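Chains as they are written, first to last, in my numbering: chain A, 101 to 336; chain B, 16 to 432; chain C, 102 to 181.
Please note: incorrect hints may appear among the correct ones.
Looking from chain C toward chain B, a few residues come up when the C-beta cut is under 8 Å (computed) [said to hold, decoys possible]:
#1 Ile106
#2 Val108
#3 Thr111
#4 Ala150
#5 Pro153
Distance condition first, Cα-Cα at most 30 Å in a straight line; then the derived DSSO-like pairs of lysine-lysine [to be verified]:
#6 B:Lys175 <-> A:Lys136
#7 B:Lys184 <-> B:Lys167
#8 C:Lys131 <-> B:Lys186
#9 C:Lys107 <-> B:Lys183
#10 C:Lys131 <-> C:Lys107
#11 B:Lys31 <-> B:Lys63
#12 C:Lys174 <-> B:Lys179
#13 C:Lys165 <-> B:Lys176
#14 B:Lys161 <-> C:Lys174
#15 C:Lys131 <-> B:Lys179
#16 B:Lys63 <-> A:Lys150
#17 A:Lys150 <-> A:Lys134
Simulated from the structure, these hints should not be mistaken for lab results.
None of the values given here were measured: they were computed from a predicted structure.
Where is the CB? At the ideal position from N, CA and C, for every residue including glycine.
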Amino acid sequence: MDALYNFVLIYMVYFSVAVFLVGTTLRLVKIFRKPKQATSLQIYPEKRAKWLGAIYDTFLFPSARKHKPVLWVFLIVFHACLLLLIIGHLELFEEFKIFQLIPHEVFLGNGFLGLIFCVTLLYFLFRRLLSPVRELSVPEDYYILILLFLIAIFGSQMDWARSWYGYEEMVVGDYRTYLLNLLTLKPEVPYNVLIAGHSFMLVVHVFFANLFLIFFPFSQSMHSFLSLPMNKLRRG
Amino acid sequence: MDQNTRNDLLQLFREKLNSAMTYYLETCTRCGICTEACHVYASMGQVKHISAYRHEIVRRIYKKYFKARGKVWPSVGEAKELNETALEELYESAYSCTGCRRCMVYCPFGIDTQMIMSIAKLLLIGAHSEPEILTLLADTSIEKGKSLDLFKESFMEGVKKLEKDVVKKWKMEAGETAIPMDVVGADLLFVALAGAHSIIPTAAVFNAAGEHWTLSFFEAVNFGAFVGDPTRTQLILDRILNEAKRLKVKEVCICECGTAFRVMKQLAADQPFKVSSITEVHARYIKSGRIKLDPSKLNGPVTYHDPCQIARNGGVFDEPRYILKHLTNDFREMSPEPKYNWCCGGGGGLVALGEDTLDFRMKSARVKADQIKTTGVTTLVTACENCHTQLNNLNDHYQLGVNVKFLTSMVADALMQ
Amino acid sequence: MNEEIKVDKTLDLKGLPCPMPILKTSRGIKEVEIGQVIEVLSTDPGSLADFPSWTRSSGNELLKTDQSGEVTKFYIKRLV
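Could you put the whole structure together from the sequences, leaning on the hints where they help?
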């Protein structure tokens with residue numbers, strides 16, 4: 101069992117992060133270095149603030165708000181949760197002053213945010229099962245949603261699962277030790293993390309997160325990086 | 016399909032993969048926000064006409080041959096082999112898309128469906144499966160550029176015959192040429208559609224404004240762009256670029272032809288002359304008082320159909336409305352926001368394919384017909400040959416009871432001597 | 102003059118704008134045998150440029166262009 105835990109929590113993490121970082125960087129470099137489109141791809145009427153407009157389009161999805169308002173609410177909540185969850189994970193490495201501008205405990209919301217995140221994923225998933233989005237979808241669209249759901253449900257409910265067992269086991273400090281070990285290339289999972297009753301939650305969470313990281317550079321998730329340049333093309 | 020053909024086609028595909036195209040092919044999340052954007056889907060309700068589905072037909076081939084995934088795990092993205100069936104799908108998708116780019120306004124990423132369809136069109140040319148009429152027309156245009164001397168005299172003679180009709184609309188002093196051609200040092204080169212209806216009214220307006228202009232020997236329309244062939248598109252464009260440089264004009268003015276205007280505006284961006292649409296030039300004449308229009312010529316409510324390539328894709332929105340303000344006081348907008356205007360359903364070469372596409376063009380543009388009906392107008396104005404033909408067909412088919420007019424001929428008819 | 106050329110088929114394309122004359126002609130010419138001649142009537146001045154170019158690019162032969170009246174007459178021999 102320990103061997104399996106060690107594999108998922110250490111070696112697979114190294115591998116996945118490497119694939120994610122190298123894959124994403126290489127793919128982006130390759131795409132950005134392709135020849136530029138010679139002609140304008142702009143849509144008119146033209147607005148003055150092109151970069152500002154492109155940033156607005158990229159982060160607030162005004163076209164979605166206009167044409168699919170319900171979907172837009174879920175999209176905004178989904179992406180906002182995603183951002184907060186990423187910040188939460190950064191805080192597991194160490195305390196960042198800037199994030200504590202609004203004082204909070206790690207994790208913000210004690211798993212509640214993750215639950216909301218899961219609800220939005222369920223909405224996306226069921227939306228995909230209805231026509232016409234059903235006909236538009238390909239397997240990867242479902243896989244990514246399911247993967248994210250599994251990551252989030254096991255990740256966010258660790259706090260809840262902890263209450264079944266000893267609540268004092270596996271606290272933020274233990275995660276920090278674990279992640280610091282990973283960062284300093286000390287392949288060692290802290291005892292507390294391995295022994296806790298809800299360790300399996302962490303292992304499952306990390307396992308699916310690894311899968312997601314591996315798939316990321318090759319999937320449509322790359323829109324995280326490509327959306328801005330594309331929106332800039334449309335703005336001119 | 017044998018391996019050699021496939022390799023040739025994939026090479027054509029590869030040539031299209033610049034950075035913008037790669038963004039478009041990598042990104043779509045099939046969110047379906049574009050569902051209602053396409054007039055074909057809105058009119059006919061078939062999923063294959065949703066823009067995301069159209070992309071996916073090209074994207075599946077991309078996933079198969081240009082992504083590692085296509086070899087390791089093709090089923091995850093439904094990667095698809097390039098074969099005869101795929102070509103049929105590409106044809107159906109590319110030639111039911113008018114390239115109006117309305118879906119690009121909807122897409123949260125701004126994916127350009129017309130651009131993705133250009134891959135489909137290029138593959139079809141490579142496989143000799145494109146609509147041959149379009150290639151025939153493109154080749155005729157290119158040949159014209161090569162054999163100007165062959166028809167120069169007879170064409171000038173033919174144009175001369177039109178002069179009396181021009182003078183009917185705008186009287187001129189004795190000794191002045193109503194339709195000047197081949198004038199070195201003219202200010203403006205007018206590229207018409209080599210048809211009387213496109214030359215006569217515009218000539219009258221130029222003469223009324225006292226423009227120092229000259230008529231091009233070539234027609235503006237670019238069939239190379241319709242068939243999606245970059246080489247032919249450039250060759251057809253070069254005829255006009257060369258003529259403009261030879262005559263040392265300051266401005267090239269494109270007649271009422273959407274494709275011609277967009278192609279010229281985009282591909283001739285770095286030329287020593289300015290590119291304008293005839294609508295922009297007419298608005299300029301009115302603004303500076305070079306021509307005066309009689310608003311009493313037109314009765315009843317009027318609406319304007321924004322040709323996609325001129326408005327949404329070319330940026331000319333205000334000028335036609337400015338002109339119409341001088342022609343009528345009952346102008347009605349068709350769409351609350353002009354960039355959301357429905358395509359007439361005739362772009363992308365569909366009108367040029369004539370009766371072959373008529374049935375599809377009528378069915379796929381039902382929403383356009385409804386939009387016109389809602390305005391309750393008696394006069395429907397547009398500034399594009401393709402749109403004009405298609406709107407006329409719609410008028411007959413749906414019995415809209417409107418009078419479909421070119422903006423230029425309305426300006427010419429309202430000239431005050 | 103016209104008697105010199107034996108016309109096998111006449112296409113009346115008067116009043117049609119560009120590019121319809123070329124389109125209709127490229128279809129119409131398929132209805133005569135190779136070596137036969139069609140006569141095309143057009144009122145579109147663009148045809149004066151279109152037909153010489155189209156016959157060259159399509160490999161047919163433009164025998165004669167008669168511009169004497171309001172209607173222009175083209176005599177085209179089908180070669181392909």
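Violations among the numbered hints, reported as their numbers in ascending order: Per hint list: 1, 2, 3, 6, 8, 9, 15 and 16 violated.
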